[in-house]
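Protein chains: 2
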Amino acid sequence: MSRLLKCGREAPARRKLGSEDLEAIRSRLEAYLRERQLRFTEPRWKVAESILLSGLHLESRDIVSAVKKRDPGVGEATVYRAIRLLCDAGILEESHQSASGRTVYEIADDEHHDHILCTDCGEVFEFHDEALESLQEQTASNQGFSLVGHRHVLIGKCSFKQQKGKRA
Amino acid sequence: MSRLLKCGREAPARRKLGSEDLEAIRSRLEAYLRERQLRFTEPRWKVAESILLSGLHLESRDIVSAVKKRDPGVGEATVYRAIRLLCDAGILEESHQSASGRTVYEIADDEHHDHILCTDCGEVFEFHDEALESLQEQTASNQGFSLVGHRHVLIGKCSFKQQKGKRA
DNA sequence: GAGCTTATTGAGAAACCAAATCAATAAGGC
DNA sequence: GCCTTATTGATTTGGTTTCTCAATAAGCTC
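For the record, the sequence lines run as chains G and H.
Those letters in the first sequence? Residues 0 to 167, per numbering that gives the first Met the number 0, in order.
Those letters in the second sequence? Residues 0 to 167, per numbering that gives the first Met the number 0, in order.
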């Protein structure tokens with residue numbers, strides 16, 4: 000009923016992208032842009048690549064520095080613009096709010112999931128629990144609400160001792 | 000098992016503070032300050048009063064403007080400092096993040112509760128569901144986490160038609 | 001490939017919120 | 001009332017995101 004995504008009892012493996020994923024995503028981006036007469040550009044693709052290769056769960060500032068590292072010539076404004084674009088294109092999505100309230104992004108995933116933050120190792124884990132989902136639905140409807148969505152972040156301590164810098 | 004706090008099928012009544020509550024809170028604040036050799040001051044109390052009389056679920060900016068309205072002489076820095084102080088004193092607490100990611104504060108409450116945001120009327124409702132709470136606990140522990148806390152916001156449409164300005 | 005239209009870019013400025021700085025002020029113990 | 005020192009308000013700073021705008025380049029047409 001409940002499954003922890005992309006990780007087991009050990010430190011979770013990160014979703015890694017092979018080059019074929021990169022190609023697929025590039026095609027999706029190109030299609031999205033073509034559809035609305037927008038242009039596929041070097042800087043835009045550099046932002047996308049930086050995100051795709053940097054792994055899951057990045058804040059804007061992480062994305063900005065990943066891109067800057069890859070190519071210092073890309074302007075910050077361009078990065079922010081590209082983040083919004085990639086979200087609109089369904090390639091990136093807002094994942095959750097970090098402990099300090101900043102938006103964390105992740106590569107868009109078809110399957111809905113929520114997040115557990117570990118206060119020890121600072122890592123973000125994904126999980127999905129159908130029972131929890133339906134109970135939320137029920138609770139809302141009992142109270143006279145029709146549920147549109149939810150933001151659900153569990154905060155705990157994991158047992159996969161791996162140290163990663165905790166951050167604010 | 001599940002209860003919607005401070006509101007029924009109709010538009011929810013706001014938690015309102017009588018003057019006796021104000022007095023009680025003032026005493027608590029004075030005690031807190033005395034304990035750590037901090038000072039009870041006019042501006043601090045003005046911030047507290049502004050919050051207590053303005054109702055539930057305020058963002059920093061709401062608090063700043065409520066205080067400014069009450070006394071334009073109080074500096075912004077003082078308001079921000081007082082907000083933190085009142086949180087430390089257990090009089091105020093962070094409630095949740097608004098749709099736009101700003102921290103929403105509320106007068107601290109002994110009973111734990113979560114929030115439902117209505118996308119139609121923009122209002123914030125409080126609810127508590129024991130089954131939901133324990134299922135979260137279980138989900139976390141199943142996965143090898145010991146649960147420390149959670150952030151849980153349901154988003155839906157309420158059936159208490161009241162119009163309040165939706166805000167970003 | 002050249003020419004043309006127009007979306008996009010990067011740099012810098014601006015907006016925004018929250019926190020830090022600091023000299024002037026005032027709380028509260030004596 | 002005095003004195004110590006926490007607190008204040010004005011201002012500056014820091015950090016993040018957006019806006020502006022002239023220069024650039026994407027990608028269509030020929």
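Simulated from the structure, these hints should not be mistaken for lab results.
Careful, some of the hints might be misleading.
To be verified - Here are the simulated distance ranges between beta carbons:
(1) Ala98(G) <-> Ala107(H): 15 to 21 angstroms
(2) Ala30(G) <-> Leu16(H): 55 to 61 angstroms
(3) Glu132(H) <-> Ala98(G): 18 to 24 angstroms
What the hints assert, rightly or not - Residues of chain H placed beyond 10 angstroms of chain G at every Cβ, according to the derived structure:
(4) Glu29
(5) Arg35
(6) Lys68
(7) Gly72
(8) Gln96
(9) Gly100
(10) Asp128
(11) Ala139
(12) Gly143
(13) Phe144
(14) Leu146
(15) Val147
(16) Ile154
If you're wondering where the values come from, they're calculated on a predicted model, not measured in any experiment.
From the three backbone atoms N, C-alpha and C, an ideal C-beta is built for every residue, glycine too.
Now the hints, each set against the structure:
The hinted range of 15 to 21 angstroms is satisfied by Ala98(G) and Ala107(H), whose Cβ atoms lie roughly 20 angstroms apart. Roughly 57 angstroms separates the CB atoms of Ala30(G) and Leu16(H), a value that falls within the hinted 55 to 61 angstroms. The hinted window of 18 to 24 angstroms between Glu132(H) and Ala98(G) holds, with their beta carbons roughly 21 angstroms apart. Every beta carbon of chain G lies more than 10 angstroms from that of Glu29(H), the smallest distance being close to 31 angstroms; the non-interface claim holds.
With 10 angstroms as the threshold on Cβ separation, the claim that Arg35(H) sits away from chain G holds: the shortest Cβ distance comes to roughly 24 angstroms. At roughly 26 angstroms from the closest C-beta of chain G, the C-beta of Lys68(H) stays outside 10 angstroms, upholding its exclusion from the interface. For Gly72(H), the condition that its CB be more than 10 angstroms from all CB atoms of chain G holds, with the nearest at approximately 30 angstroms. The Cβ of Gln96(H) does not lie farther than 10 angstroms from every Cβ of chain G; its closest approach is about 5 angstroms, which violates its non-interface assignment.
With a closest Cβ-Cβ approach of about 6 angstroms to chain G, Gly100(H) is found to fall inside the 10 angstroms limit, against its non-interface label. A beta-carbon of chain G is positioned within 10 angstroms of the beta-carbon of Asp128(H); the least distance is around 5 angstroms. Not every CB of chain G lies more than 10 angstroms from the CB of Ala139(H), the least distance being 5 angstroms, so the non-interface label is violated. Look at Gly143(H): its CB is around 4 angstroms from the nearest CB on chain G, not clear of 10 angstroms, so calling it non-interface is violated.
Listed as outside the interface, Phe144(H) is inconsistent with that label: its C-beta sits roughly 4 angstroms from the nearest C-beta of chain G, within the 10 angstroms cut-off. Under the 10 angstroms C-beta cut-off, the non-interface status given to Leu146(H) relative to chain G is violated; the minimum distance is some 5 angstroms. Remark: the non-interface label on Val147(H) conflicts with the geometry, its nearest Cβ contact in chain G lying 5 angstroms away (cut-off 10 angstroms). Under the 10 angstroms C-beta cut-off, the non-interface status given to Ile154(H) relative to chain G is violated; the minimum distance is some 4 angstroms.
Taken one by one, the earlier hints fail for this structure at numbers 8, 9, 10, 11, 12, 13, 14, 15 and 16, listed in ascending order.
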